[in-house]
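In the numbering used here, the protein residues as written are 1 to 173.
Since the hints were made in silico from the structure, they are not lab data. Watch out, some of these pointers could steer you wrong.
As the list claims (entries may be wrong) - Straight line, CA to CA, 16 Å or less: simulated EDC-like cross-link-like pairs of lysine to aspartate or glutamate:
(1) Lys-136 to Asp-158
(2) Lys-136 to Glu-110
(3) Lys-47 to Glu-65
(4) Lys-7 to Glu-56
(5) Lys-6 to Glu-56
(6) Lys-7 to Glu-43
These figures come from a predicted structure and were not determined experimentally.
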Amino acid sequence: MDLRGKKVLVFGTGISGIGAGALLERAQASVILYDGNENLDKENLRKHFAAESSVEILLGSLPLEVMDQLELVVLSPGVPTDLPLVNQLREREIPIWGEVELAYRFASGEVLAITGTNGKTTTTTLLGSMISHSGKPFALAGNLGISLSREAELVPSDGLIAAEVSSFQLEFI
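Given only the sequences and the hints, what does the whole structure look like? Please build it.
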């Protein structure tokens with residue numbers, strides 16, 4: 001997946017958004033980390049990236065001139081998909097991926113996604129325990145508080161990622 005030089009908006013500044021932004025920056029995309037909450041602390045968000053990071057951080061409203069430049073949007077799972085801004089991005093026919101889709105496209109190892117109504121955390125944790133006993137390289141990620149994007153490139157091709165994935169995260173895969 002070649003995103004070098006592409007203007008990518010990461011919508012949401014939580015764990016998944018930070019992980020997606022870092023992955024995209026390693027892929028040499030031109031990353032804009034965005035959140036509609038203008039009261040967030042930009043300097044605190046910047047601390048999650050390397051000192052030489054060129055990630056642009058935008059808070060509050062998203063200027064039209066920025067929207068006009070976007071080639072991809074990565075939506076964090078906590079962002080409601082029916083927000084007027086998300087609908088505007090759709091209307092502009094900008095591709096929208098969920099953070100899970102982004103991570104999957106960059107993952108070296110296989111991703112084993114656990115979803116459903118009840119028991120996701122227990123099942124994912126149990127699966128991770130079984131994989132750990134197999135001797136294969138592995139990671140746990142997803143709604144366990146660990147960004148799938150953060151783990152995607154760390155697990156080698158012979159490894160496995162056990163990921164807890166909510167219905168919200170499945171919406172844009």
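Please verify whether Lys-136 and Asp-158 have alpha carbons no more than 16 Å apart.
holds (7 Å)
Would you check the hint for Lys-6 and Glu-56, treating anything up to 16 Å between C-alpha atoms as holding?
With Cα atoms ~13 Å apart, Lys-6 and Glu-56 stay inside 16 Å; holds.
Please verify whether Lys-7 and Glu-56 have alpha carbons no more than 16 Å apart.
holds (11 Å)
When you check the alpha-carbon spacing of Lys-47 and Glu-65, does it fall within 16 Å?
violated (27 Å)
Lys-136 and Glu-110: Cα distance at most 16 Å?
holds (11 Å)
Sort out whether Glu-43 lies within 16 Å of Lys-7, counting only the CA atoms.
violated (22 Å)
Of the hints listed earlier, those the structure fails to meet are numbers 3 and 6, in rising order.
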